[in-house]
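2 protein chains.
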Amino acid sequence: MRKVAIVGAGMISFGRRDEDSLVDMLAMASTRAMDDAGLGDRAIDAVYVGNMAAGLFNHQTSVASALVDRLGVLPAAADAVENGPASGGSALKNGLLAVASGYYDLVLVAGGEKMRDVIGPRATDIVASMTHPLAEYVYGITLPGMAGMFTRLYMEKYGVTPEHLAQVAIKNQDNGLLNPYAHIQMKITLEGILTSPHAIVNNPMVADPLRLYDCCPVSDGAATCLLCPADMASEFAKPPVVIAGFGQATDTHTLQEREDPTDLKAVRLAAQQAFQRAGLTPQDVDVAELHDAFTILEIAESEHAGFFEKGQGAKALAKGETRIGGKLPINPSGGLKSRGHPVGATGVAQVVELVWQLRGEAGEHQVEGAQVGFSLNFGGFGNNVVSFVLRREP
Amino acid sequence: MRKVAIVGAGMISFGRRDEDSLVDMLAMASTRAMDDAGLGDRAIDAVYVGNMAAGLFNHQTSVASALVDRLGVLPAAADAVENGPASGGSALKNGLLAVASGYYDLVLVAGGEKMRDVIGPRATDIVASMTHPLAEYVYGITLPGMAGMFTRLYMEKYGVTPEHLAQVAIKNQDNGLLNPYAHIQMKITLEGILTSPHAIVNNPMVADPLRLYDCCPVSDGAATCLLCPADMASEFAKPPVVIAGFGQATDTHTLQEREDPTDLKAVRLAAQQAFQRAGLTPQDVDVAELHDAFTILEIAESEHAGFFEKGQGAKALAKGETRIGGKLPINPSGGLKSRGHPVGATGVAQVVELVWQLRGEAGEHQVEGAQVGFSLNFGGFGNNVVSFVLRREP
Numbered sequence: 001m002r003k004v005a006i007v008g009a010g011m012i013s014f015g016r017r018d019e020d021s022l023v024d025m026l027a028m029a030s031t032r033a034m035d036d037a038g039l040g041d042r043a044i045d046a047v048y049v050g051n052m053a054a055g056l057f058n059h060q061t062s063v064a065s066a067l068v069d070r071l072g073v074l075p076a077a078a079d080a081v082e083n084g085p086a087s088g089g090s091a092l093k094n095g096l097l098a099v100a101s102g103y104y105d106l107v108l109v110a111g112g113e114k115m116r117d118v119i120g121p122r123a124t125d126i127v128a129s130m131t132h133p134l135a136e137y138v139y140g141i142t143l144p145g146m147a148g149m150f151t152r153l154y155m156e157k158y159g160v161t162p163e164h165l166a167q168v169a170i171k172n173q174d175n176g177l178l179n180p181y182a183h184i185q186m187k188i189t190l191e192g193i194l195t196s197p198h199a200i201v202n203n204p205m206v207a208d209p210l211r212l213y214d215c216c217p218v219s220d221g222a223a224t225c226l227l228c229p230a231d232m233a234s235e236f237a238k239p240p241v242v243i244a245g246f247g248q249a250t251d252t253h254t255l256q257e258r259e260d261p262t263d264l265k266a267v268r269l270a271a272q273q274a275f276q277r278a279g280l281t282p283q284d285v286d287v288a289e290l291h292d293a294f295t296i297l298e299i300a301e302s303e304h305a306g307f308f309e310k311g312q313g314a315k316a317l318a319k320g321e322t323r324i325g326g327k328l329p330i331n332p333s334g335g336l337k338s339r340g341h342p343v344g345a346t347g348v349a350q351v352v353e354l355v356w357q358l359r360g361e362a363g364e365h366q367v368e369g370a371q372v373g374f375s376l377n378f379g380g381f382g383n384n385v386v387s388f389v390l391r392r393e394p
Numbered sequence: 001m002r003k004v005a006i007v008g009a010g011m012i013s014f015g016r017r018d019e020d021s022l023v024d025m026l027a028m029a030s031t032r033a034m035d036d037a038g039l040g041d042r043a044i045d046a047v048y049v050g051n052m053a054a055g056l057f058n059h060q061t062s063v064a065s066a067l068v069d070r071l072g073v074l075p076a077a078a079d080a081v082e083n084g085p086a087s088g089g090s091a092l093k094n095g096l097l098a099v100a101s102g103y104y105d106l107v108l109v110a111g112g113e114k115m116r117d118v119i120g121p122r123a124t125d126i127v128a129s130m131t132h133p134l135a136e137y138v139y140g141i142t143l144p145g146m147a148g149m150f151t152r153l154y155m156e157k158y159g160v161t162p163e164h165l166a167q168v169a170i171k172n173q174d175n176g177l178l179n180p181y182a183h184i185q186m187k188i189t190l191e192g193i194l195t196s197p198h199a200i201v202n203n204p205m206v207a208d209p210l211r212l213y214d215c216c217p218v219s220d221g222a223a224t225c226l227l228c229p230a231d232m233a234s235e236f237a238k239p240p241v242v243i244a245g246f247g248q249a250t251d252t253h254t255l256q257e258r259e260d261p262t263d264l265k266a267v268r269l270a271a272q273q274a275f276q277r278a279g280l281t282p283q284d285v286d287v288a289e290l291h292d293a294f295t296i297l298e299i300a301e302s303e304h305a306g307f308f309e310k311g312q313g314a315k316a317l318a319k320g321e322t323r324i325g326g327k328l329p330i331n332p333s334g335g336l337k338s339r340g341h342p343v344g345a346t347g348v349a350q351v352v353e354l355v356w357q358l359r360g361e362a363g364e365h366q367v368e369g370a371q372v373g374f375s376l377n378f379g380g381f382g383n384n385v386v387s388f389v390l391r392r393e394p
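Residue numbers (the working numbering), protein chains in the order written: chain A, 1 to 394; chain B, 1 to 394.
There could be a bad hint or two in this list.
Same chains, same label: a pair holds when it works inside one copy or across any pair of copies.
[To be verified] Okay, derived cross-link-like pairs now, SDA-like style, lysine to any residue, Cα gap no bigger than 20 Å in a straight line:
hint : residue 1 : residue 2
1    : LYS3      : ASP105
2    : LYS319    : LEU280
3    : LYS157    : THR31
4    : LYS3      : TYR104
5    : LYS3      : GLY102
6    : LYS265    : ARG70
7    : LYS315    : MET186
8    : LYS315    : ASP117
Source of the hints: derived by calculation from the structure; they are not laboratory data.
Quick caveat: nothing in here was measured; it's all calculated off a predicted structure.
Could you put together the complete structure from these sequences and hints?
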């Protein structure tokens with residue numbers, strides 16, 4: 001298998017983008033990635049699109065071939081990959097395998113979702129289409145509902161408190177203030193969202209114990225990576241970042257079938273696989289982008305991925321170890337909480353952020369001297385998780 | 001890149017399957033493929049699902065991880081691939097690249113669609129979600145509408161007649177009568193569907209010049225292939241069939257932008273690539289499964305893939321050359337016309353049929369002595385086409 005490098009990275013600002021269609025957004029992010037690489041007139045061989053539900057959000061299918069046409073890179077092969085909120089990670093994995101196989105050299109992987117085409121609770125219903133149709137969806141469960149139950153169990157088992165959850169939100173919104181691509185640009189404080197008498201108004205309960213600021217926003221957005229064999233990377237403008245390892249694992253469709261619902265087995269396995277393939281360990285990681293669709297997930301994933309012992313993630317957070325400047329900065333981009341979570345975009349956006357970090361191009365939210373990055377993209381409620389270890393080539 | 005073999009093939013009968021969910025169907029076809037291979041207790045590494053629009057047809061997403069759980073092959077990696085009506089072909093291509101890359105050994109590729117969950121014209125509307133949202137869909141175009149315009153142009157340019165179209169339908173429904181997996185099991189005659197005074201009632205116009213029997217039915221169904229590196233194939237129960245080549249190409253999103261709308265450029269390129277990678281030519285092919293969603297497409301694809309000169313496909317058909325027993329049997333399974341076209345299933349079902357043909361297991365619709373098979377899966381209106389050349393290993 002060939003070693004694969006990322007030679008171009010592009011993103012557009014996440015948020016509410018009423019004037020841009022899904023394909024518009026994918027094309028803008030992709031053009032930026034191609035420009036970033038200094039692609040010139042080299043031909044793209046294949047395009048992957050990570051997208052969860054353009055059918056439901058936008059009544060559109062076959063988005064990947066539409067993107068190929070829009071970008072003017074005909075007759076490149078085009079495939080869309082769907083894996084719920086881990087669609088971006090899955091698309092990137094398939095782009096990676098396509099280059100690793102030797103069949104394709106230049107592969108563009110774009111992730112995107114336009115969620116704000118639908119109104120109000122419809123977005124939550126569309127996201128809930130990944131739950132089990134007969135054992136979960138039919139009873140009205142939503143992802144915030146599942147996450148609420150998971151949070152309660154995790155709090156009881158590991159001593160996580162509402163303050164810890166709020167600290168994830170505060171840290172990530174602080175980071176988002178430094179990231180021009182972030183959807184939510186707003187300073188929040190522990191007093192404002194938790195301890196003052198107005199907190200219940202500022203930060204209402206969504207799914208007990210999760211409040212509004214424990215949940216990521218509903219966003220539009222797109223991000224793109226350009227991949228090539230590592231031995232071609234020197235032909236491009238920027239220092240290459242190598243995909244040193246990837247992991248992907250599936251867990252039971254329903255939460256209720258897991259022996260211990262607080263054990264995110266697929267997160268553990270995906271991270272282990274990625275580190276094993278990279279020949280690295282969690283201790284080697286300088287910066288991580290985790291899937292904080294709900295605040296509890298950043299804490300739980302930081303433990304399951306091997307950065308902290310079980311029960312220690314919240315403590316490390318409270319000590320500031322996961323802030324920019326701390327021992328292991330987590331979500332310097334602002335994460336899903338602040339950058340936003342256009343579902344199909346997220347897995348690619350995490351990796352674009354890491355590419356910028358490893359190149360030293362992350363601007364105000366730069367983690368100094370970062371050489372190794374880790375991403376974790378969480379599909380379903382931990383059903384299907386995709387993880388990457390990236391390394392700046394020396 | 002590693003050579004890849006198909007060691008298991010399974011399908012369920014296509015048709016109206018009210019009692020089976022999409023995941024039920026995918027699981028049944030996959031169980032058959034695993035049994036066919038004599039999988040035993042070997043672990044599946046990854047599962048790909050080809051599916052176009054479970055979100056819209058069934059309000060379900062993340063179908064691939066649901067299938068992994070249902071099959072009990074956790075923690076296999078799971079990805080769904082969407083590429084309109086070529087979703088099955090795209091999924092198979094990505095399964096192929098995954099094995100070729102060396103990252104995965106045993107990969108299951110299932111294609112499926114449950115289209116009969118929606119009522120009446122809603123299925124046609126969902127399929128039309130692959131057209132251009134601003135340049136086509138908004139004007140009410142449907143796939144039958146596009147195919148009708150294409151047919152008229154093709155008839156004028158190449159002398160194709162309504163009789164030729166009817167002959168495709170008659171041949172493929174005759175073949176379908178020999179295939180227990182086919183949705184449409186019904187003898188039709190030229191008199192009944194075209195020349196008798198009752199023909200207009202039996203076979204009403206859908207999109208002039210296409211009549212009812214020129215269009216494939218709306219079906220539920222699923223099919224699965226099990227892939228492994230060719231050098232592992234001898235560990236399995238059946239003689240391996242090698243994926244000798246694949247091709248995939250994209251064309252403009254809108255029909256109107258093509259210089260000559262009768263020129264199916266992506267079909268030509270995908271077929272050329274597949275033959276080139278296989279080191280074979282159209283003359284080497286013993287049996288072909290083409291994408292006859294509309295009768296004209298079988299004729300046009302048989303020319304664009306290189307089996308006949310432009311304008312000669314209809315003549316070869318009229319001479320009986322494409323019947324079982326003819327020079328180049330096309331769609332011995334009955335094709336999309338008779339087996340049915342559950343969109344995401346089709347690309348995989350074509351290849352399952354070829355595996356059976358190359359093993360000599362196709363029963364009453366067997367093409368005697370077939371050694372090389374060709375499939376063509378047509379997405380969009382020729383926007384994104386995936387093609388395979390399969391070979392029975394000597």
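Sort out which numbered hints this structure fails and list those numbers smallest first. 2, 3, 7 and 8
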